[in-house]
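Engineer: Letter by letter, the chains look like this.
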Amino acid sequence: MIEVPTPGQPAAAGSQSSQQAPAVYVAGLRKSYGDVTALNSVELAVAAGEFFTLLGPSGSGKTTLLRLIAGFERPDAGTIELTGADVTGTPPHARDVNTVFQDYALFPHMTVAENIEYGLRVKRVPKQERNQQVAQALEMVRLPGLGGRKPSQLSGGQRQRVALARAIVNRPQVLLLDEPLGALDLKLRQEMQLELLRVQREVGITFIYVTHDQEEALTMSDRIAVMSNGGIEQIGTPVEVYEHPRTPFVAGFIGVSNLIERDGDQITVRPEKITLLTGHDQAPPGTHVEGGQVTDVIYVGVLTRYVVALDAGGELVVSRQNADDSGATVTKGNQVRVAWRAAQAFTIPR
Amino acid sequence: MTNSVSNERWLRVRSALWKRPWARATLLLSPPLAWFLLVYIASLLVLLITAFWQVNPFTSNIERIWSLGNLQTIFTTPAYLSIIGKTVGMAAAVTVTDAVVAVPFAYFMARIAAPRTRTALFVAILLPLWASYLAKVYSWLLIFTNNGFLDWTLGLVGIGKSNLIYTNAAVFIVFCYLWLPYMIIPVYSAFERVPASLIEASQDLGGRTWRTTRRVLLPLALPGIVAGSIFTFSLTLGDYITPLLVGGTSANFMGNVIYTNIGIANNVPFAAAMALVPIVIMGIYLLGARALGAFEAI
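Taken in order, these protein sequences are the chains called A and B.
Quick note, the first sequence lines up with residues 1 to 350 if you use this note's numbering.
Quick note, the second sequence lines up with residues 1001 to 1298 if you use this note's numbering.
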């Protein structure tokens, strides 16, 4: 498990020396637009080489946080550090970070190669070296030989790859990705998720990834910061935020919201951890059993979800694999029992 | 019975049209197209034909004999060549000046100004377009004239007289003023269409203000600038009233040559031949503009 780095006690991520400052450290970061508070006193430390995800619904402040790190917005208060150096007052062109934009932001009047070499030209890299690096970058994103095309001649997925190549060719300390896969269809998105992970491991650059897709966040990240209403609800590994949500918001946003109240405590149980019992089914030993009525049955291919209204109050979603048809069919209105082991139920701290 | 037959007939006509989109388009477009052909193309053709006729120097009657004499006169008389050169030079100078003024102005409007400021600027640009052309030129006459507004103001600060009236400089200033809105509007819309993320991407990749302007903003605004230049260039090329009013006798542009040949000299064929010159120049200009993508920006 990756340690949560805290300022003064930097994390030991991968082979990096434990003396190294976090790749990105922000503290007391605040930003509002008029009356709307986009970001409210956020503190965050991202270790070098980490794949770090900012996860939250729209309006949660994740994109604002990313834009503040890139330098496109100026914070109202707080500091931003890149590997220990304060960059709060530094303009974007002088920060050693690069961004993959949601709309890719490829320059339409330049070819793919000209787009990719833009950052290298700024740094006055000689032409021959530039050509070589562009070719390498195209190779890395699996678009060799497409350097002469215009962005308008590429498909959405190809443009996405060019945007990625244009950013990583500069070898920034940190790569910021603003919902880079949002415009792609599901299958292409899943493919690109794996591609992004591969590229990140190859180049070893710290990635800060913004998404509202919880599945994407769980699949790709080393750590996730779940955001809502301009603040960070919880930071942790995918397993931590999924299995041990610290707030009702996290429990609801990641996975299915399965919150019930028992003895004044809010309890959450993941749908796949609950066993559905019908008729004279024996409850597995050591489980907590409650009775209820099925109010809805939702078939989703690999599994079926049952919404159960509990006799003791509250509602739980139970999911059951459609592995075989040995289990009795349960339909709407059936009286059932649900069972879970106490260890699987998680009490949300007040 | 007859009703259903006629219904069926109508249905057949409709489906025939539905199956042939070009037929529907022809039906829709033929009235305006006929008007366009009659008014614009036909009059241009008449102009073209007239240019190859002559005027009898003794009777002043038009002789319908084909000849290249008029064009030959234009291209062999140094005075006419210098007028053509001067007119094109004036049009180019006005275009460049308006572009230089319009680019930062349009950039400010499209990207920096708050919505209310933007609206105010829009009104300021469009308002003069609703005023009469003559009123605008006459007001400049009042500004430039001897002991006019400009001289009065200069006198207040102790500079003396401007002596601008009836000079080419006065013509140039009035042209720049008159056609500036035609440049600002297309440049503004070109700037407005550049996504903010492209500018951010340039900054993100290390580009400072100058590089971002030169490599990203200006190339993307270029079609708008060229579109605006079509207006400023062609309007200057054909105008004869401004030179007449503020340029006085020294102002001799192509439009003035055409004007005097239609009026005082009563040599319509020569005027027609002279009118072909700006048309041909604009034709070449438009071909160049199309190559630069200006027509997507209008």
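Note that these hints are calculated values from the structure, not bench results.
Here the structure is a predicted model, which is why all the values come from computation and not from measurement.
Where is the CB? At the ideal position from N, CA and C, for every residue including glycine.
Keep in mind that a hint or two might mislead.
To be verified - Pair ranges (Cβ atoms, derived):
| # | chain 1 | residue 1 | chain 2 | residue 2 | range |
| --- | --- | --- | --- | --- | --- |
| 1 | B | T1153 | A | A94 | 51 to 61 Å |
| 2 | B | A1113 | A | G84 | 35 to 45 Å |
| 3 | B | T1026 | A | N229 | 51 to 61 Å |
| 4 | B | S1250 | A | A94 | 36 to 46 Å |
| 5 | A | E272 | B | K1019 | 54 to 64 Å |
| 6 | A | R149 | B | G1085 | 57 to 67 Å |
Engineer: If a hint holds in the structure, say so; if it doesn't, say that too.
Structural biologist: Against the structure, the hints:
Look at T1153(B) against A94(A): about 46 Å separates their beta carbons, and that is not inside 51 to 61 Å. Checked against the hint of 35 to 45 Å, the pair A1113(B) and G84(A) passes, with Cβ atoms roughly 40 Å apart. Taking the beta carbon of each, T1026(B) and N229(A) are about 60 Å apart, inside 51 to 61 Å as hinted. Between S1250(B) and A94(A) the CB atoms are about 55 Å apart, so this pair departs from the stated range of 36 to 46 Å.
In this structure, E272(A) and K1019(B) meet the distance hint of 54 to 64 Å, their C-beta atoms being roughly 57 Å apart. The hint said 57 to 67 Å for the Cβ distance between R149(A) and G1085(B), and at roughly 44 Å that hint is violated.
The structure fails to meet hints 1, 4, 6 from the earlier list, while all remaining hints are met.
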